[in-house]
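All chains, please: the whole structure from these sequences, using the hints.
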Amino acid sequence: MSWLASLVLSLFHAVYYVINVFSSLRFSRGRPPKPLEAARKQLPTHLALLFATDRDSALENLDELLLENIQQAISWCRAVGIQRLSVYDREGSLYGSSFELRTRLYKDNTSDDVSEVESEVQYPLTPPPSDSSASSSRSLSPEHSTQPKLHATTIVVSTKAKSHHSEKDGLRHRMGDLKTLAEPPLTLHIISRRSGMPAVAEVASSIARSRPEDPAVTVADLKSVLEGESGFTCPDLMIVHQVTPHKYPKNVLELHGFPPWQMSLTEFYYSEYPPWRIRSTDARSTYVPLTEHEFCRALDQYDAAEMRRGR
Amino acid sequence: MLPIFVSDSLGWFHGYASQKVQDALLAILSSGPVPRHVAFIMDGNRRYARSKHRVVAEGHAQGFETLSKVLEICMRLGVRCVSVYAFAIENFNRSPEEVEALMALAESKLIEISKHGAMLDQHGIRLNALGRRDMLPPNVRAAVEKAEEMTRKNNKAILNICMPYASRDDIASAVQTAAEKAVESDNYDITEDDVDAYMSTSAVGSPPVDILVRTSGVKRLSDYMTWQSCEDTQIQFSSRYWPDFGLWDFVPIILDYQRKVWSSPA
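So the protein sequences, as listed, match chains A and B.
Counting along the first sequence from 1, when you hit position 109 you're at 109 in the numbering used here, and nothing is skipped either side.
Counting along the second sequence from 1, when you hit position 192 you're at 192 in the numbering used here, and nothing is skipped either side.
Hints listed in this document are in silico derivations from the structure and should not be mistaken for laboratory results.
Built from N, CA and C at the ideal position, the CB exists for glycine as well.
Do not rely on the hints blindly, as some may be mistaken.
[Claimed, not checked] Derived list of chain A stretches under chain B, where covered just means 3 residues or more per stretch with a C-beta under 8 Å from a C-beta of chain B:
(1) 8-18
(2) 62-76
(3) 215-227
(4) 252-263
(5) 267-277
[Said to hold, decoys possible] Heads up, simulated SDA-like pairs for lysine to any residue below, C-alpha to C-alpha not over 25 Å straight-line:
(6) B:52 x A:304
(7) B:260 x A:252
(8) B:69 x B:152
(9) B:260 x A:211
(10) B:260 x A:210
(11) B:181 x A:211
(12) B:109 x B:72
(13) B:156 x B:72
(14) B:181 x A:304
Written out as structure tokens, the structure is:
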């Protein structure tokens, strides 16, 4: 009778597929989100964007497309007043492109030259982008280092409100400029899977090496390292967006190795019924960008969420 | 109005037919891939009680009935491990009356389901209490330990009751154990697999979490199983309150899982 059960199960899946197609159609004709500039009673102070790809995708210019998309996302964050943004991709493409991203952001957001602004706005603790030297900004050798490698890059970007100034009085002038900015600076964390579970293991190694006589660990200990100046805090809202076309009308949330410590209280947004079956032979057109529409939907979901914090 | 014996007969027939439909449905679903480990965030007991104009404690009691029902469904489907978020460390912030009612419920029900001939015994389920049991009142801690002892020899399936639990606490404990073992063995290169082996779920032999379900429409993990669910776990949010959650809510979740398994490269 197992063949009969399998047959009926196939029928179930066929019916479920049809139900999902209709749900997808109904969703696509649903109410649009509020516009970006609409008033919302609660906004995330820290937003994360998780960019996911299909396992079998082969987008050659993925890095370039992601960078463009992030630049757009930054402009939306600025428009609504979000001051901290984390961008994640599992394989670390963004982490590897962090210098390129930093350069672009400075070109977009300042009237100064790149190198000067770089020295001003990048936190010095940030590790260089390449994986091989990911944490070599710390001078200790791996055998004796007690500093954990968190594999996160942090960039602080100021806005266009800055005035041009000469190199001679750069530092003093820059400090003054920061105080008179029209908008507060935006902090950008660039992270990958290595910033998550592997980083926690690095912290464990570092604790064992630094205090072998007393390796007791509290939540506060881990928090101070993982969310400290070399790490990043828990986002209030995370948008999980697949940049390759969906092949099925219904999407189920997965977190693609996002750092587990930093998602304990995060509100997740994902499109349950995303656009699907997009056919294209052009590699660029198979990139599905995160749109302002989706961004606004996520903000609307967060706006409606009730935060109970255990109560 | 129908005579009582007719309505009783109809009620019996409805129950009988429902049971038969449920049996058939589970047999059909279990002919495809079945998740090894399903975790639940049982949210919505209080809102359920309010919606029915009942006291909060009744909502929690009803929630426990749903847990029994869902556990039965999982076992008949062939799920090897079920984990439930019964009480968060942060839940100690709730009113003393509610905390007391929850603890009393846990104390009585854990022993009840662990008895000889009861559900855990019938299905060969080993009960594990995960989390900071040192924070439990002594009587509840004793009940938890007794229930664990009563089911110790069961080896067909696992029920992890997480109380009082928080993912961050679980990660911190695993990091500490990994660091202690590293010092003992004089091998300081701790990997994520080492930390994973000391997470509370791994320590009691649970397979990886395939599906995490949160009820009541909230789209957060609320510090539950973040380590265990951050990789390729399917996270499902159901708009039902936990006491209303049932087989028909679980069916699409299983179908989604099966589709994922079938579409994954071998």
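Structure-based check of each hint:
A stretch counts as covered by a chain when three or more of its residues have a beta carbon under 8 Å from one of that chain; for the stretch 8-18 of chain A and chain B the count is 5, and the coverage holds. Under a criterion of three residues with beta carbons nearer than 8 Å to beta carbons of chain B, the stated coverage of the stretch 62-76 of chain A fails, only 0 such residues being counted. Using a Cβ-Cβ cut-off of 8 Å, 8 residues of the stretch 215-227 of chain A lie near chain B, which meets the minimum of three, so the contact claim holds. With 11 residues carrying a beta carbon less than 8 Å from a beta carbon of chain B, the stretch 252-263 of chain A meets the three-residue requirement, and the given coverage holds.
Given a C-beta distance limit of less than 8 Å, the hint that chain B covers the stretch 267-277 of chain A holds, as 3 residues qualify and 3 suffice. The suggested pairing of residue 52 of chain B with residue 304 of chain A holds, with an alpha-carbon distance near 23 Å, which does not exceed 25 Å. Taking the CA atoms of residue 260 of chain B and residue 252 of chain A, the gap is near 9 Å; set against the 25 Å cutoff, the hint holds. Taking the CA atoms of residue 69 of chain B and residue 152 of chain B, the gap is near 22 Å; set against the 25 Å cutoff, the hint holds.
A C-alpha spacing of about 45 Å is found between residue 260 of chain B and residue 211 of chain A, which places the hinted pair above 25 Å, so the restraint is violated. Proposed proximity of residue 260 of chain B and residue 210 of chain A is contradicted: the alpha carbons are some 44 Å apart, above 25 Å. Proposed proximity of residue 181 of chain B and residue 211 of chain A is supported: the alpha carbons are some 13 Å apart, at most 25 Å. Between the alpha carbons of residue 109 of chain B and residue 72 of chain B the distance comes to roughly 16 Å, so the proposed pair stays at or under 25 Å and holds.
Between residue 156 of chain B and residue 72 of chain B the CA atoms are separated by roughly 13 Å; this keeps the pair inside 25 Å, and the hint holds. For the given pair, residue 181 of chain B sits about 46 Å from residue 304 of chain A by alpha-carbon distance, which is inconsistent with the 25 Å threshold.
In terms of the numbered hints stated before, the structure departs from hints 2, 9, 10, 14, listed from lowest to highest.
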